[in-house]
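One line per chain: the protein sequences are A and B, in this order.
Okay, so the first sequence: first residue is 1 according to the working numbering, each after it adds one.
Okay, so the second sequence: first residue is 1 according to the working numbering, each after it adds one.
Hints should not be assumed to be uniformly reliable.
With a Cα cut of at most 20 Å, we get these calculated PhoX-like pairs of lysine-lysine [claimed, not checked]:
1. A:K172 - A:K143
2. A:K97 - A:K26
3. A:K26 - B:K184
4. B:K293 - B:K245
5. A:K171 - A:K193
6. A:K176 - A:K137
7. A:K137 - B:K293
8. A:K60 - B:K261
9. A:K176 - A:K211
In case anyone wonders, no lab produced these hints; they're calculated from the structure.
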Amino acid sequence: MKEGIQETILKELAEGVIQLDDDRVKTAALKAIAEGLDPLVAIQEGLVRGMNTVGQLFQKGEYFVPEVLICADSLYVGLEILKPHLQKGQGIKKVGKVLIGSIEGDVHEIGKSLVSMMMDIGGFAVTDLGVDVPLQKFLSAHKEERCDIMAISALMSTTMLKMPEFIREIKKADPKVLVMVGGAPISRELAQKFGADGYAEDAQGAVLEGKKILHLQ
Amino acid sequence: MVRPPYHSRFSRFFSLQRWREALKQSPVFALFDGQQISRPVCSSPVVNVTLEQMDLCGSSYPESFSHPIHMVNLAESAHTLAGFEGIRLPFDLCIEAEALGCGIKPAGRESPPSVVKPAFENFDSLTIPPDIFDRGRFGIVFEAAVRLRIKYEKSVPIYGGITGPFTLAGHLCGTNKFLKGTIKSPDTVKNVSKRVTDFNIAYANRLLEAGCHFIVVIDPSASGDLISERTFQTFLLPVYQEMHKRIGGKVILHICGNTNKLLPLIAETGFEGFSFEGPAVSVRAARKALGEKMILIGNIPTKTLLLGSPEDVGRDARTAVREKVDLLAPACGVALQTPLANLKAMVQAAIKCRLDNCSDE
Chain A
1 MKEGIQETIL KELAEGVIQL DDDRVKTAAL KAIAEGLDPL VAIQEGLVRG
51 MNTVGQLFQK GEYFVPEVLI CADSLYVGLE ILKPHLQKGQ GIKKVGKVLI
101 GSIEGDVHEI GKSLVSMMMD IGGFAVTDLG VDVPLQKFLS AHKEERCDIM
151 AISALMSTTM LKMPEFIREI KKADPKVLVM VGGAPISREL AQKFGADGYA
201 EDAQGAVLEG KKILHLQ
Chain B
1 MVRPPYHSRF SRFFSLQRWR EALKQSPVFA LFDGQQISRP VCSSPVVNVT
51 LEQMDLCGSS YPESFSHPIH MVNLAESAHT LAGFEGIRLP FDLCIEAEAL
101 GCGIKPAGRE SPPSVVKPAF ENFDSLTIPP DIFDRGRFGI VFEAAVRLRI
151 KYEKSVPIYG GITGPFTLAG HLCGTNKFLK GTIKSPDTVK NVSKRVTDFN
201 IAYANRLLEA GCHFIVVIDP SASGDLISER TFQTFLLPVY QEMHKRIGGK
251 VILHICGNTN KLLPLIAETG FEGFSFEGPA VSVRAARKAL GEKMILIGNI
301 PTKTLLLGSP EDVGRDARTA VREKVDLLAP ACGVALQTPL ANLKAMVQAA
351 IKCRLDNCSD E
């Protein structure tokens, strides 16, 4: 019986996220707590699983940016409710640390934020440096945070040209850090030419690529 | 032998008189009037400014954004230096947003200005002041258009670019918020779009009055990369149709990125031209969906222009011409570091194609 309830709640959480329905997520999250469901399970098996489906729908071209943004909002509604109930030390285990930002001169935000959000949901600890981020800001942020991956985005072919220099300097400062790049004008070929360790075409791909270059998958 | 500029050299009707007439008026006008011209013409309704042009013409960023003479100088440089049969102004997508109160990162030597902060906290507070055209840099663009028109009359088409309604609404209210609004509060978003569209139409008509021949509606936020066909159909198609009805001139729509799925809807906008981005959208696909309804403009990838050789550009240009593009143009605003030689290669490819029927050597 208990099993059954747990299944229903998890399914409700996932479905709520997928169907862009924050009320449904809210109700399910409250019910999860009332029923004594492990909040970590609720987050990972409910909310995050739902968001993964959203990522796949986005990749397939069934969902678009507005849908994904609202799905994420619904997920965060659930997260807000569930998080305070996590036991101490029972944080969501992070698979790696990511510093992300749009490259200097580039103020395009949508794609970058989407990647930042999906990686956060996908289990990375993400620090978003925003847009128009100069090299120095990446380097000083890395000094403080010691990240595993630096993710740089460029939507313009002009700003994309700065990537090789950024990558070179980042590697010079810390050869261990892995660099991922993305954005409309970039291809896997170009990314390799620039000296990047990873490239992804979209947000869902970025999560997988991040795990791949960290050898987690 | 000296050849007439666009007639087939085998034309039996060639006369000096007609040649003179033709010289006075660019074939682009005939094309938009539905006449057959011996294709193609290299004419770009998207921004085509490079650092090399700036050095050569003596007008550069950032002063060309805010000084009419410099704007004229730089705008015509693609025509005078590369041989493009078209002049495009202005060079940025912030004129409207800036005048309406958005936070702007100012232009630099190598970067156009950009919008960094929306002007309005919520959808309801969005208002367009009645004296809007006296604000910001509108006056500069109008003056530049007047000067260009006096200088060129109809020998070269002058394209006036405006920020499309979806993109402008995003600038004004925050793009993420606006995109989410399409699902969460569709009526409010429709209302906002309507107000923004009215302003778009007023601005477009002012540009035409000032001297622009064509209006180019640049709407990157309407890209198929961001929104679905349903969103396009519900929110954009009616808006574009309204613009088509009320703008007193011919309009070219430019949407970046992958618009393949949107093509059947774009065909219904009523706009006279469509400028699209290669390699995501091929000329063949665009022709298949749009038929002869719209003048097809594009689609030389900006990446080829930036990183390729003149030969690469020539190859892409010949492909576009073979697939029957009407106006050969960069797929999107060109990167500033683009070599001028690559822009010239586009023009050369167009001329060469006219002469030898575009066979690959």
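Against the structure, the hints:
1. Proximity of A:K172 to A:K143 is assessed by CA-CA distance (about 13 Å); at most 20 Å being required, the pair is judged to hold.
2. Taking the CA atoms of A:K97 and A:K26, the gap is near 29 Å; set against the 20 Å cutoff, the hint is violated.
3. Distance hint between A:K26 and B:K184 is fulfilled; the C-alpha atoms sit about 17 Å from each other, no more than 20 Å.
4. About 16 Å separates the Cα atoms of B:K293 and B:K245, which keeps this hinted pair within 20 Å; it holds.
5. The hinted pair formed by A:K171 and A:K193 meets the criterion: a straight-line CA distance of about 15 Å does not exceed 20 Å.
6. This hinted pair checks out: A:K176 and A:K137 have alpha carbons roughly 18 Å apart, not beyond 20 Å.
7. Distance restraint check for A:K137 and B:K293: the Cα-Cα separation of roughly 50 Å exceeds the 20 Å cut-off, and the hinted pair is therefore not satisfied.
8. Pair hint A:K60 plus B:K261 holds up; C-alpha atoms about 13 Å apart against a cutoff of 20 Å.
9. With a C-alpha separation of about 16 Å, the suggested pairing of A:K176 with A:K211 holds against the 20 Å cut-off.
Checked against the numbered hints given earlier, this structure breaks hints 2, 7; the rest are met.
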